[in-house]
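Engineer: Read off the chains here:
There are 2 protein chains.
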Amino acid sequence: MNFLEERILKDGVIKPNNVLKVDSFLNHQMDIELMDRIGEEFYNRFKDQKVTKVLTIEASGIAIACSVARYFKVPVVFAKKSKSINIDGEMYIAEVESFTHKNINKVIVSKKFISDTDKVLIIDDFLANGCAMQGLISITESAGAEVVGLGIAIEKGFQIGGKVLRNLGYHLESLAIVESMDPENHTVEFRETAVV
Amino acid sequence: MNFLEERILKDGVIKPNNVLKVDSFLNHQMDIELMDRIGEEFYNRFKDQKVTKVLTIEASGIAIACSVARYFKVPVVFAKKSKSINIDGEMYIAEVESFTHKNINKVIVSKKFISDTDKVLIIDDFLANGCAMQGLISITESAGAEVVGLGIAIEKGFQIGGKVLRNLGYHLESLAIVESMDPENHTVEFRETAVV
Numbered sequence: 001m002n003f004l005e006e007r008i009l010k011d012g013v014i015k016p017n018n019v020l021k022v023d024s025f026l027n028h029q030m031d032i033e034l035m036d037r038i039g040e041e042f043y044n045r046f047k048d049q050k051v052t053k054v055l056t057i058e059a060s061g062i063a064i065a066c067s068v069a070r071y072f073k074v075p076v077v078f079a080k081k082s083k084s085i086n087i088d089g090e091m092y093i094a095e096v097e098s099f100t101h102k103n104i105n106k107v108i109v110s111k112k113f114i115s116d117t118d119k120v121l122i123i124d125d126f127l128a129n130g131c132a133m134q135g136l137i138s139i140t141e142s143a144g145a146e147v148v149g150l151g152i153a154i155e156k157g158f159q160i161g162g163k164v165l166r167n168l169g170y171h172l173e174s175l176a177i178v179e180s181m182d183p184e185n186h187t188v189e190f191r192e193t194a195v196v
Numbered sequence: 001m002n003f004l005e006e007r008i009l010k011d012g013v014i015k016p017n018n019v020l021k022v023d024s025f026l027n028h029q030m031d032i033e034l035m036d037r038i039g040e041e042f043y044n045r046f047k048d049q050k051v052t053k054v055l056t057i058e059a060s061g062i063a064i065a066c067s068v069a070r071y072f073k074v075p076v077v078f079a080k081k082s083k084s085i086n087i088d089g090e091m092y093i094a095e096v097e098s099f100t101h102k103n104i105n106k107v108i109v110s111k112k113f114i115s116d117t118d119k120v121l122i123i124d125d126f127l128a129n130g131c132a133m134q135g136l137i138s139i140t141e142s143a144g145a146e147v148v149g150l151g152i153a154i155e156k157g158f159q160i161g162g163k164v165l166r167n168l169g170y171h172l173e174s175l176a177i178v179e180s181m182d183p184e185n186h187t188v189e190f191r192e193t194a195v196v
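Protein chains in written order, with my numbering: chain X, 1 to 196; chain D, 1 to 196.
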């Protein structure tokens, strides 16, 4: 079991309907030492990919993405979910349909910040059905840039996102893949992966 | 002129209606080396305050807050603007009225993550009229915690936020205070402060 899986068992809270709450250390309150360790681990897994940019989506991906980018010494770009005063000029906009809520969400990045020479590592905290990730990939490829890897802290292995992305041939690394959760017995089962 | 003022002059874009775009290095694409330098500078300014927690608001405050928290070796909490699946249980909710848009925005933090023993350093990228900051202060004080400092990257000195917070007696440190901007001549005037 790796450091993130251990932390999930220690501090994660399992709720009904496959909700895993990690808000005490990952996506509301954030443990900065853990972020550093996650950053280092993604660096080790993708260091041969000549990454030029780390891309994520607001809000909970930002902290992890910044930590990863510190190791690679490259800039972070975070996609926005709605157009704000801070984005003008030409934009890449991906419209992604949520599988669970049936609504359409936008993923927006200014065209200035991804170019056709970029090798992009996409980072996010969670992967479930992968809608946000699909939007980030679409934007990267619209820019003519290359997606050199996808790094996820926690993948819900029983939802389809990871399978779709691996089927499509992307190099997806998830630090913890949850196979099943049991809210009654407070147990989490992880997919066996290489020990970090 | 300090490092952030220099960077604003070099890469900031002045738009009409007092809009200063710093999206190439601060709040859409982020320069991680600059983030580290900002983190170190806030550490130097607040290191005697026995900070136990860094508080910010999604999304563009998160990167700076994480960098500050690395120096203090304390957790970051970021407030959310709407209730999500990731927040349940007891919450602090501040409703803040925007001066410019007249709408009401919510600032939400789970009660679990601020306690009455916390000494909170509040961090954000921009301070204009200060509505978000007022909400963050309100939440911190509702929790019985102490606001030991407010750290802002860029303050718009010609808007009222900074004056209000200083009048109220808070220890506010802004790394760059813009006194005026001229979109026609592409000039920015900064308030004279101690050189970093």
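Honestly, I wouldn't trust all of these hints.
No farther apart than 27 Å at their CA atoms in a straight line, the calculated lysine-lysine pairs in the BS3-like style are these [stated by the list, open to error]:
| id | chain 1 | residue 1 | chain 2 | residue 2 |
| --- | --- | --- | --- | --- |
| 1 | D | 163 | D | 106 |
| 2 | D | 21 | D | 50 |
| 3 | D | 106 | X | 83 |
| 4 | D | 50 | X | 119 |
Now the stretches of chain D that chain X is said to cover, found in silico as 3 or more residues with beta-carbon under 8 Å [to be verified]:
| id | region |
| --- | --- |
| 5 | 26 to 32 |
| 6 | 62 to 75 |
To be clear, the hints were calculated from the coordinates, so they are not data collected in a lab.
Quick reminder that beta carbons are idealized off the backbone N, C-alpha and C, glycines included.
Engineer: Report holds or violated for chain X covering the region 62 to 75 of chain D, Cβ cut-off 8 Å, minimum 3 residues.
Structural biologist: Check passed, 9 qualifying residues.
Engineer: Please verify whether residue 106(D) and residue 83(X) have alpha carbons no more than 27 Å apart.
Structural biologist: holds (19 Å)
Engineer: Are the Cα positions of residue 163(D) and residue 106(D) separated by 27 Å at most?
Structural biologist: At roughly 23 Å apart (the allowed maximum being 27 Å), residue 106(D) and residue 163(D) satisfy the hint.
Engineer: Run the distance test for residue 50(D) versus residue 119(X): straight-line Cα separation, threshold 27 Å.
Structural biologist: violated (41 Å)
Engineer: Given the hint that residue 21(D) pairs with residue 50(D), test it: the Cα-Cα distance must not exceed 27 Å.
Structural biologist: Status violated; Cα separation ~34 Å.
Engineer: Mind taking a look at whether chain X covers the region 26 to 32 of chain D? Criterion is 3 or more residues with CB to CB distance under 8 Å.
Structural biologist: Satisfied; 6 residues make the cut.
Hint violations for this structure: numbers 2, 4, all remaining hints satisfied.
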